[in-house]
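For the protein sequence lines, the chains are A and B, in the order given. Last residue of the first sequence: 259 in numbering that gives the first Met the number 0, with the numbers rising by one and none dropped. Last residue of the second sequence: 315 in numbering that gives the first Met the number 0, with the numbers rising by one and none dropped.
These are computed hints drawn from the structure, not numbers from a lab. Every value quoted in this text rests on a predicted model; they were computed, and no experiment measured them. Please note that the accuracy of each hint is not assured.
[Stated by the list, open to error] No farther apart than 25 Å at their CA atoms in a straight line, the calculated lysine to any residue pairs in the SDA-like style are these: (1) Lys6/B / Pro190/A; (2) Lys249/A / Tyr217/B; (3) Lys201/B / Glu132/B; (4) Lys199/B / Glu238/A.
In case you want the letters, here they are:
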Amino acid sequence: MLIIGERLSIISKKVREALIKKDKEPIKQIAIEQWNFGAQMIEANIGPAENRGEELMEWIVTTIQESVPLPVSLDTTNPAAMEAGLKIHNNQWGKPLINSTSLDPERFIMFELAAKYSVPIIALTVGKGGLPRDAEERVEIAVQLMEKSVEYGISLEDIYLDPLVLQISGSQNQAKEVLKAVRLFHELNDPPMKTIVGLSNLSNGCPKHLRPVLNKYFFALLMYEGLSAAIVNPAEVIEVVKTINVITGKTLYAHSYLEI
Amino acid sequence: MSLQIVKETYNGKIPEIVFGRDKKASFGGASALPFHFFEGEFPHKPLIAFEIQDVTPEDYPEEIAKVYSSVWDDSIRWAKFCESIGAEAIALRLASTHPDSKDSSSEQAADKVKKLLDEINLPLIILGSNHTEKDAEVLPVVADAARGYNCIIGKAQESNYKTIAAASVAGGHYLIAMSELDVNLAKQLDILITQTGFPKDKIIIDPMCSALGYGFEYTYSVMERIRIAGLIQGDTMLCQPMVADVGFYVWKTKETQASEVEIPDWGSLHERALMWEAVTACSFLISGADLLIMRHPEAVKITQTFIEELFSIKGK
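Bound-form chain A, shown alone:
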């Protein structure tokens, strides 16, 4: 399970202010905290970044990699900013990840960048018709995304299919469709396709005290379905990861298993 720390996102007020002021300290602190809780990659979500996107992406990637020895997941819809991030990224600790492409033709440029820099890419199962209705529709879109990636010369092993986690408060029935989609995605190829989710969208709009509860239980189910990667708050899921790895036999049990 590849754990990607989600907390460096433009949505967070603290992060947004740091980005505006180019204040490295809060960025570094959040990166280090996530690393300490087991993040193996740090997400840098700068949003659409229409103004000075390239500079912003370069700054945040450099700042993250000055503080932790980890690769960065680059999240922006701005292709120029994406490419700037790919160029400046230090691959010493692993390749960066492109977040993301979809079947929206405007996002095909991300496929091009993935091919050009030979890096993995997240492919959202969002079709031209908007959000998918169920697991089967997600699979249909996934197949088209796989065809597209082959067209661009990207190895299927570099594709992370994202079934798109939706809010439980507004689209309750989608949660189980996502679980089913993860299972079905794996069957689309041999070796199995990789899968990824942005976990916390599940509890978006829910009362604050419920959010970790919803996220954690959902994450356990996703792990059971074989999910390969997740963009999460590492502190929130670290116990789930360790415990599910013990229950499924991936890690050998010891009384202190949570402490290592």
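Let chain A serve as the given structure and place chain B on it in line with the hints.
Using the frame of chain A, we list chain B on its own:
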């Protein structure tokens, strides 16, 4: 089309142990399952240490007594004798400290260890009496007395590891961690010991030994599981060298003691006894033991030949 040999992929490498001050001995460092030379690196052969005791042993059967009775009153002479017959390392068991033996004090034990270290060049493994409370008192004092000699101290167990680990790290020694025939407990003890600040790559796992015919297969399969977890599953807490304290268990068995008159069907006592130790030892090499503690020189010789023969195919 040429034949492709399917190889296991490994996610770990056993730390290398180099101990001793003047003369050094080494083991560990493997990056594949035992003797799988075609899959990984094996920088060191398994090491055999000769066991001696700090008091005249009362429970050595005839076959082993014959070898050592002329020297066993004095652990220095005993150690030198072992050196003269080719020992590469000595394992001193502080048997006299056991409350049922002489219940000798920590200071007495430390004194003996110091004298021995002054007199011999060989790397030393220092073992308590396996009485957990007494070992908790004795081993820290002994570890301190041997400071700077780069020894292996044993055995720390779940009920006494704290003081022993602290003194071993302060003295610059390696540490044997013993748990009772259970892979989960072995892992747990390693976690606990590393949580005290003891370096993980200086721990040697003792999954608890046994003799052929007397629970042998339990030790064997626990060793196998530890090695597989450490190397293949990448469980860093089990990616450590292992010791088999062979002699201690083998020389308690009936097969090493019953005379030919008593059980004629069993054949020569001499041959049977030393083969019992050699076969037990060789088998534990296959399950992953990196360090063997043995008693009979002829059994050691057979085991050494076994190691040499297997290593002769390395790189071929």
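Subject >> Violated hints - listed by number, lowest first >> reply: none
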